[in-house]
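> The primary structure of each chain is shown beneath.
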Amino acid sequence: MAEAPVIVVGAGPAGIRAAERLIAAGLRPILVEEGERNGGQIYRRQPEGFTRPASALYGSEAAKATALHTAADALVARLDYRPGTLAWAVEGGALLTQCGDRVRRLPYAALILCAGATDRVMPVPGWTLPGVYSLGGAQVALKAQACAIGRRCVFLGTGPLLYLVAWQYAKAGAEVAAVLDTSPAHRRLAALPRLAARPAVLAQGMRYIAWLRRRGIPLRSGVRPLRIEGEDRVSAVVVEQGGREQRYAADAVGIGYGLRSETQLADLAKVNFAFDPVSRQWLPALDEDGRSSVPGIYLAGDGAMIRGADAAELAGRLAACAALRDLGQPVPESEIAELRRALRPMSRFRRGLETGFPWPAQQAAVLPDETVICRCETITAGDLRRSVTEGGAPEVNRAKSFSRVGMGRCQGRICGLAAAEVVAAARGVPLEEVGRLRGAAPVKPLPLTLEIEA
Amino acid sequence: MAGLFHRLAEAGRRTVRISVDGSEVEALEGDTLLVALLTAGAALRRSEFGDGPRAGFCLMGACQDCWVWTETGERLRACSTPVAPAMRIVTQEVPWPKHP
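One line per chain: the protein sequences are A and B, in this order. Per the working numbering, residue 1 is the first one in the first sequence, and the count goes up by one each step. Per the working numbering, residue 1 is the first one in the second sequence, and the count goes up by one each step.
No lab work stands behind these hints: they were computed from the structure. All C-beta atoms, glycine included, are put in the ideal place defined by N, C-alpha and C.
Anything over 12 Å on all C-beta distances counts as not near chain A; from chain B, calculated:
1. Glu24
2. Glu26
3. Glu71
4. Arg88
Restraint-style ranges between C-beta atoms, simulated for each label pair:
5. B:Ser23 <-> A:Glu175: 25 to 31 Å
6. B:Ala11 <-> A:Pro445: 30 to 36 Å
7. B:Phe49 <-> A:Ala440: 19 to 25 Å
Here are the simulated lysine to any residue pairs, SDA-like style, with alpha carbons at most 20 Å apart:
8. A:Lys444 <-> B:Thr81
9. A:Lys270 <-> A:Ser293
10. A:Lys171 <-> B:Leu8
11. A:Lys64 <-> A:Pro47
12. A:Lys444 <-> B:Glu48
13. A:Lys171 <-> B:Ala9
14. A:Lys270 <-> A:Asp287
15. A:Lys171 <-> B:His6
16. A:Lys444 <-> B:Ser80
17. A:Lys444 <-> B:Glu74
18. A:Lys444 <-> B:Glu93
Could you build all of it, start to finish, from the sequences and the hints given here?
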């Protein structure tokens, strides 16, 4: 029997660089990608037939995006590339995939998970109205489809993406009604020493903010979201600002509070997780090179921890080096040392972002009972609180079985972190005491008619 | 009703006609179903739990809030399905898959 291959999941910055390093060592890995085109979400490619140049799509990151796409396209002939393929479970040393109506079981010698991230969202009353999108979604509409999510957009939340997306929208000709940041300005000032670990990135962020300000776009800090108003679609965003209610008329809202790692496959592979008190999430416990607690399972990129695309390229390559070493292949010590060194300022910068643009955990405690937390099954903050106060749920998995939160078709991707905050606040205990929603296969819904292939 | 999304560029693509709940909708080649439906209207579907219309959320295949169906009962994720000529879409679930 032929030896099992190394499998890489995700053809974004981390996955592409991991696959590239494996090929350089003479391997022919399998690269599984859910999307039709490589590049990941950050360097998301527009469909064939679209004509905007890379500079219009990726701005200051155009050279990096083009380099990554070129590298990825050159790899395709040298690996077993499977686009349009969902990795939906890890079980008994094999990855389970689905493409069209075919399910396959792929045994691996090593599995490098580069599953990326999605927006981290704190619900607010009205966030299920048509016209409300995640910040990343608002960006995808623009990059991949040349569309704005509305005619008059408000961007609400916190984090660097808030300003980047606002800038991209205004630059592309959309009307940006306001940028409403929940983090207070003094937190961002206090984070500056850590953010200075990557001076060029910091300067670029400041340029976006200055540009928006010169355009006369209202930029507000330290707001508390109260509600999104509208009848069948968005008509306004209402926040508390300096002790007063402020209403911004808009027909679309982009909402996001930083990113959350997509860790469900790692969970199914039974890797250990550890609670990270700064970002207030449970993350896979990894060594410096991306090794998990389970031999043969590696993680890299934003799917391991949120450090952004530049770090993802380095971490993807480093995880491939670790896998190669563990498989008994020679890897120069200097290469590993160099990658580790290059990643250190990125880790400091990450902490700067998490402290300068904090996740507004305290909002979970004051969300009105009728606020929808789970979009899939319309489960409210009140339903969740009752699972604690009446059902006695001590942690989120029990709250899940009482209320169904996290059991819907998104499997807790969108609501899980906010739900945990609501449960912790209702119990009056620290977040780490309510645990984390455990993953279940399939991580995404499968079609009803499937053929199983051995 | 005016569409939710509006186009900022790339408007020179070829037109593709699809059917949505029996009415003709004009889309552009390369559009996702989500963009085709939301440049023409303001919702993709209604929540099964009675809390009103929905129009997707994440646009990257994570939230599963943009499901629509074909007339033959195939479920499609509108954000990651490209339009194709003569597609026949319904925005309410067909009770059981019907094979032609």
